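Student: These protein sequences, in sequence, are chains A and B. Number 271 marks the last residue of the first sequence (my numbering); no jumps. Number 274 marks the last residue of the second sequence (my numbering); no jumps.
These are computed hints drawn from the structure, not numbers from a lab. For clarity, every value in this text was computed on a predicted model and none was experimentally measured.
Here are the simulated PhoX-like pairs of lysine-lysine, each with C-alpha atoms no more than 25 Å apart in a straight line:
{"id": "1", "chain 1": "B", "residue 1": "166", "chain 2": "B", "residue 2": "268"}
{"id": "2", "chain 1": "B", "residue 1": "268", "chain 2": "A", "residue 2": "163"}
{"id": "3", "chain 1": "A", "residue 1": "163", "chain 2": "B", "residue 2": "166"}
{"id": "4", "chain 1": "B", "residue 1": "25", "chain 2": "B", "residue 2": "13"}
Among chain A residues calculated to face chain B with C-beta under 7 Å, some are:
{"id": "5", "residue": "44"}
{"id": "6", "residue": "50"}
{"id": "7", "residue": "51"}
{"id": "8", "residue": "128"}
Pair by pair, the computed Cβ-Cβ distance ranges are:
{"id": "9", "chain 1": "B", "residue 1": "189", "chain 2": "A", "residue 2": "239", "range": "50 to 56 Å"}
{"id": "10", "chain 1": "A", "residue 1": "186", "chain 2": "B", "residue 2": "75", "range": "51 to 57 Å"}
{"id": "11", "chain 1": "A", "residue 1": "257", "chain 2": "B", "residue 2": "118", "range": "19 to 25 Å"}
{"id": "12", "chain 1": "B", "residue 1": "19", "chain 2": "A", "residue 2": "176", "range": "18 to 24 Å"}
All C-beta atoms in this analysis are idealised placements derived from N, C-alpha and C, irrespective of residue type, glycine included.
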Amino acid sequence: MSVALEARLGQPWKKPPFISSPGLRWALLIGGVIYLILAIYSIDVNWARVYRGLDRGWQFVIAFANPDFTSRAGEIKDGMIESAVMAFASTVVGIGISIPIGLGAARNISILPVYLVCRAVIALSRALNEIVVAILLVAIFGFGPLAGFLTLSFATIGFLSKLLAEEIEDMDRIQAEAVRSTGATWLQRYIYGIHPQVVPRLIGLSIYRLDINFRESAVLGIVGAGGIGATLNTAFDRYEFDTAAAILLMIIVTVMALEYLSGIIRARVQ
Amino acid sequence: MAISTVDGQKVWQRRDRNTQFKIWFAWLIGTAVFMWCWQQISAATTWQFFWDAPRIAADIGGRAVPPRWSYMDKLWEPLWDTLNIATLGTVLALMMAVPVAFMAARNTTPSALFVRPIALLIIVSTRSINSLIWALLLVKILGPGVFAGLVAISIRSIGFCAKLLYEAIEEIDETQVEAITATGASRWQVMAYGIVPQVLPAFAGIAVFRWDINLRESTVLGLVGAGGIGLQLQGSLNTLAWPQVSLILLVILFAVVVSEWVSAKVRGAII
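Isolated chain A, as found in the complex (with noise of 0.2 Å):
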């Protein structure tokens, strides 16, 4: 100690590195540099282009300044209504399916061959990506809403029941055995000892996933599977972009609306 002490007297001191071995930190830098230069390489930006469409661009800002309303209103209303029966449908279809698969998932209240099955289930619905389901069940299903609530349905029990079981791998143990000791029956067992210690975060998710559905169905048109994204595709597809301006105004609004209700109401159950 002392003669490491010695060797640093007299010397300035150097801040510590992030990554202390040196042999990893100029791998991970040299690799980092090569990679770059190859990844931008790759990337041929066609600038003539670019400069042609920050017209287009500017004509977009300006579109944000004064959106338009009123000429599609017929449109954008009845696309903002499918996407929210969509997103709420959905949800809680997915709630109901995520309670059972939850309780599947969790390893202490559950024996070993469920637990493996719905773990499956869960690291299905997280893998695939909500577009790529969409395209599917739009080819099976045929266009429209359904195609869209049954995506979204299945989006939401991988992310509820993973959440779900989490939580309750977490919970107060005591509370359960002291149910259970009384000679409560399965059912019993979960409404009074279980259920009771996650419903407060299981609200707080749902309206989290409420949330997260809403913005989902607002892509989901884009590959037909209904909601307000058939209806922003088009105005796209047409340069109409004060009509585009005015569904995204919307769109973030209502997320903006839907994130501050679920700060106030999982405050209040918390």
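Position chain B relative to chain A; hints supplied.
Tutor: Just chain B now, with coordinates in the frame of chain A:
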């Protein structure tokens, strides 16, 4: 907790009558709204297609089942593009997110009255619009291709990264900052020696976390013409080449699993 008396005997119930009634009423409203929503969806659905669905699914599955492995030769380049969109998009997003985060954090913002609300507005507006919508818009402005996807991903990520980063900045240990200030350090020196070392682990974690999400999102950006493997997916879907579709889906699934594994490993090493 409520205890009522039935036939001279005390009976325990979990909730008193008022609470019970309120909860019942909330269920009633919720069920009614759900039924109405279901009616809307049902009205917009062709139910013949629904009942036909198992046959169609089996048909598509049958066509897709041996994936056309030879098509893999044409997928390496789009896969490389997808990786670049995700990585460069994340790098670009972080470059823009860092100043926004420092402007949004209460303890580092230059002006809580003017600059902070602008930074928060940037965070909220970029976060609430999906990357696919940004791509849709940027393809119109910048032309189709990888560049539009890259910019879409980076704009979408600003809000997410800046939000997590400014929360990390607000949670730092103020005593260290004070210690550096007490040595007579300038504003930038306080930043470099007092604040940055404290948020660096959080920064690295956020970067890897967002990179993982971006890789997922960049696989589908091609559907609107913004480059990457989604372009191949769109082409195969349009020509009903189901064996190619199944191969592309497998590749996407594999990429997602690998990226999740990498991100979990790196975050595990940092924290």
